[in-house]
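Given these sequences and hints, build the entire structure.
So the sequence lines, in the order shown, correspond to chains A and B. With the working numbering, the residue at position 59 of the first sequence is 59, and numbering never jumps. Counting the second sequence from 1 gives a position; the working numbering is that position plus 1000.
If you are wondering where the hints come from, they were derived from the structure by calculation, not from laboratory data. Fair warning: there could be bad hints in the mix.
[To be verified] These stretches of chain B come out as covered by chain A in the derived footprint (C-beta under 8 Å, 3 or more residues):
hint, segment
1, 1020-1029
2, 1049-1059
3, 1161-1170
4, 1239-1245
[To be verified] Calculated pairs, EDC-like style, for lysine to aspartate or glutamate (alpha carbon to alpha carbon, straight line, at most 16 Å):
hint, chain 1, residue 1, chain 2, residue 2
5, B, 1079, A, 266
6, A, 308, A, 267
7, A, 257, A, 203
8, A, 420, A, 552
9, A, 487, B, 1046
10, A, 581, A, 352
11, A, 182, A, 225
12, A, 545, A, 352
13, B, 1171, A, 283
14, A, 487, B, 1129
15, A, 577, A, 307
16, A, 308, A, 594
17, A, 205, B, 1053
18, A, 205, B, 1172
19, A, 425, A, 225
20, A, 420, A, 436
21, A, 444, A, 470
22, A, 348, B, 1089
23, A, 425, A, 514
24, A, 388, A, 427
25, B, 1079, B, 1089
26, A, 215, B, 1033
27, A, 205, B, 1058
28, A, 182, A, 297
29, B, 1067, B, 1053
30, A, 487, A, 470
31, A, 271, A, 307
32, B, 1079, A, 203
33, A, 205, A, 266
34, A, 182, A, 168
Computed from a predicted structure; not experimentally measured. Each residue gets a CB set at the ideal place from its N, CA and C atoms; glycine is no exception.
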Amino acid sequence: MMSEDLGRVASLSGKFSRRTVLRGLAAGGTAGVLAGLLAACGGSSSTPTAASSTGGGTAASGASTSTTTSSASTTTTTTGAGTPSTGGSSATPAGTAATSATQAPKGKQGGTLTMGYNVQQLLQLDPARISTGRVAGELLPQICSALVQFDDKLNVIPDLAEKWEISDDGLTYTFHIRTGLKFHDGAPCTAQDFVYTYNRTLDPKLASPHANKLKSITKAEAPDDQTFVLTFSAPFAPFLPTTCTRGPGRALTPVSKTSMEKMGNDESLLKPVGCGPFKLVLDSMNSQSGFTMEAFDDYYGGRPLLDKIVVKFIPEPASQVNALAAGDIDMFNEIPPQGYAQLQGNDKVTVEKIHGTNWIAAQFNTARPPFNNQDARMAAAKGIDRDKFIKTALFGLAEPSVGAIAPAFGWATQTEADLKEDPQKYDEAAAKQLAESSGLTKVKPVLLASASDHRNEDEYRNQLLKIGVDCNLTLLQDSDFNDRWQKGDYDVAIQGSVVDADPDDNDYNFFYPDGPWNTGKWNRPEAKALLDDERASTDQAKRAKDFQDLQDLARKEAAFGFLYHAYFLPGYQTYVKGLPKVPEIFYMETVWLDK
Amino acid sequence: MTQYIIRRLIYSIFIIWGCATIVFFMLRLVPGDPVSAMLGIEYTPEAAAQLRENLGLDQPIYVQYVKWMGNVLHGDLGKSIDTRESVTDQILSAFPKTLSITILGFIIGAVVALPMGILAGLRRDSVFDWIASTSTFVGISLPTFWFGIVFILIFAVEFRWLPSVGYVSPKDGLWPWFSHLILPGLAAGVGEAAILMRFVRAGLLETMGSDYIRTARAKGLPSSKIIFTHAMRNSMIPVVTVAGLSIAGLLGGLVITETVFSISGIGRLLTVAIFAKDYPIVQGVILLITLFFVLANLAVDILYTFLDPRIRYG
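Listed below in structure tokens is the structure:
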């Protein structure tokens, strides 16, 4: 459940926005769940395991395409097959030791990397309490390792667990924890610490927003120091990517019991003590200016190449671009779209353009007029020219969307070309006719927007004006926005999800009848059945079909008017090397400075 | 005089208490919920209810007020709702940054404004006066962020002479500290200089037309003595008033400068807290700013007595 609204993310982190803030998590590894359920990954997907031959490891996940652009060169690399796995479910699922994290990273040792980071104020860094997905995807993985992680092909590969097995009925997960693991405070990290983390996340006093991800687990045990066993009441297919991965898997990311209890719940909110490659310098933490991390000598994968990472919070887009152009920072987590062109012309800077794990759409409130009328919703969906929308609102840095499955989930995502027919395809005349016949032109629907950033909503409103619909653009502070959106006190809101680890991560919340983000009250038994089925399914192809059928239904009934998938745009000086291109996630232990 | 100062300080306590109380209740009248802002889209009713209980936000407002005021009287400003950091620590961390920019901005403003204002006042309607007045107009009219970004583009991006973002503690070296302050100080100082220069010029023009200046000239006193000993002293009264208030105002009003230069000072602390409905931070910072305004006013009033011996407080 790494989802979150781009706009709100923006709001929490600063005034820059739903366009600029796309982060997250890697996608696709969906496979994960099935990681083991699938004995063999579909054809071209890479097997995460190298040393051992005991299992297929993970299912293939999404296709990840990245484009690296600098004035010097432009290269496009496509990785990952994007094919759903079809491995037999009877095979004993297992993941085995990964190579990447256990081999010493290659590159020049030493140096300090200064990373600019787009956030006004860091609200949390304790994994169990991080509510901002991009913080979980981009900052947390440096400090906290987890049971598993993603590779750059979006497969789930081992991290602290060197292998795992999933029972045939999908109800028991057995993780084999590496030996000799240490937390940054020197305490050993054993299976007992995962049990502690499980109980900590569920502790009501912690008020973890991720406790619900553990609700189908009936038992968490550590029969010995190296074995962690979870028992489920029902199969939960996306469990590995959404709950166990380094970054997204906040609910089960282990933290040191000794340090967390010593600090208490207040102090530990911003000062997690984990066992990742970098150690947070506790005294350096300032929620408004940044913090410092130092290489962790006892990291199980070998000391990272950088000595130190200094994170500086830079909330203003112009300052972000200027800081990178001036060489004051070595890297910025995400280039604001408005600064993309400027930096593209700078031969000292590299800007990545990576498919994200996000989708953004107009969410209609189907529980009250005017959008309780399907024709009105369809009018507002067909009346939007997605290409023009992307060009105007996002400087062209996004792809048109036809559903709530991000392009990074190559095994399930769809483009317009994949559809027999897109009922929401732009058609101004038809939209105008539907708007008139449904009476939408006679009312002023309330369009909620964040006062700090409403470029999306401005463009949306402008396009609807062409079909005779005049929205009442209601600008609110972010907390008020959240209040009204959660209460369903709106007609339409530009919403969506970023940093998903699996399509289930957001689809369940948005489309399930009583899903926490289904504030538009789109209530369809078919949607419930499809989501229940994909969660219980061990067949990745079947899951893909379930998700696609769900999108068909949502498109046909215009539960959402789908808009775009934004690109993930990290930027860095050309001397920064070795950053894995995992969508919306940073794993920095292999990064080094070629200077 | 001592009695006057004591009396003013006692009044100040009531002013600060009044401001704090008004801010406390007004914050809670504004729609929106800090818990909702904290949880964002990860909001669930259960997590929100638990968080409200943990933070004491489920208690009646008057209970929260009494608790907060009791803690303030014991020197405890509480903890941030959002980050659980101590409000006092947050303020102590942000204050030196803003104070550094404020002082540098004021010094830059004064160094530019005083000579230019004096010359413009003495050479009324000359080319210099015209240039100075136009500069003042530009300095007041153009927003701080524009100057900030232009300075960054020139001195940081183009020439790479100075850093474009961040703050370094003087403990990490005097030059790193100062180099990070120059551009924000300049950006803050431009507006300050423009305002001060206007007052210096206007004050001097008014004073130079006074009878006692004519008398001094008639007595044959040298011009320098007339200007610096007689005219300047009197024309400084409005300048001191404006300077005192603007120093206090800069404390909370540097949010734009702090944002452009990514410096986590008092202005940003306050603004971020207001948007996030982080009540304890807003209350703590308002207390500090109120205190500064009150003390700045008092300092200005006391300075009057030195500038104009006719002013007496009883």
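Checklist entry - Between residue 205 of chain A and residue 1053 of chain B, does the CA-CA distance stay at or below 16 Å? => result 9 Å, holds
Checklist entry - Against chain A, does the segment 1049-1059 of chain B show at least 3 residues with beta-carbon separation below 8 Å? => result holds (count 3)
Checklist entry - Is the straight-line distance between the alpha-carbon of residue 205 of chain A and that of residue 1172 of chain B 16 Å or less? => result Judged against 16 Å, a Cα distance of about 39 Å means the pair is violated.
Checklist entry - Are residue 487 of chain A and residue 1129 of chain B close enough, with their CA atoms no more than 16 Å apart? => result 61 Å, violated
Checklist entry - Holds or violated: are the alpha carbons of residue 545 of chain A and residue 352 of chain A at most 16 Å from each other? => result Not OK: residue 545 of chain A and residue 352 of chain A at ~31 Å, beyond 16 Å, violated.
Checklist entry - Holds or violated: are the alpha carbons of residue 425 of chain A and residue 225 of chain A at most 16 Å from each other? => result 56 Å, violated
Next on the checklist: Next pair to validate is residue 308 of chain A with residue 267 of chain A; report whether the Cα-Cα distance is within 16 Å.
Outcome noted: 23 Å, violated
Checklist entry - Taken at face value, is the distance from the CA of residue 225 of chain A to the CA of residue 182 of chain A at most 16 Å? => result 13 Å, holds
Item to check | Agreement of residue 1079 of chain B and residue 266 of chain A with the hint, judged by alpha carbon distance not exceeding 16 Å | outcome: 9 Å, holds
Checklist entry - Do the alpha carbons of residue 205 of chain A and residue 266 of chain A lie within 16 Å of each other, as the hint requires? => result OK: residue 205 of chain A and residue 266 of chain A at ~11 Å, within 16 Å.
Item to check | Hint consistency between residue 388 of chain A and residue 427 of chain A [alpha-carbon to alpha-carbon, up to 16 Å] | outcome: 13 Å, holds
Item to check | Restraint check for residue 348 of chain A with residue 1089 of chain B, where alpha carbons must lie at most 16 Å apart | outcome: Between residue 348 of chain A and residue 1089 of chain B the Cα gap is close to 39 Å, so the pair fails against 16 Å, i.e. violated.
In summary, the structure is inconsistent with hints 1, 4, 6, 12, 14, 18, 19, 20, 22, 23, 26, 30, 31, 32, 34 from the numbered list given earlier, while agreeing with the others.
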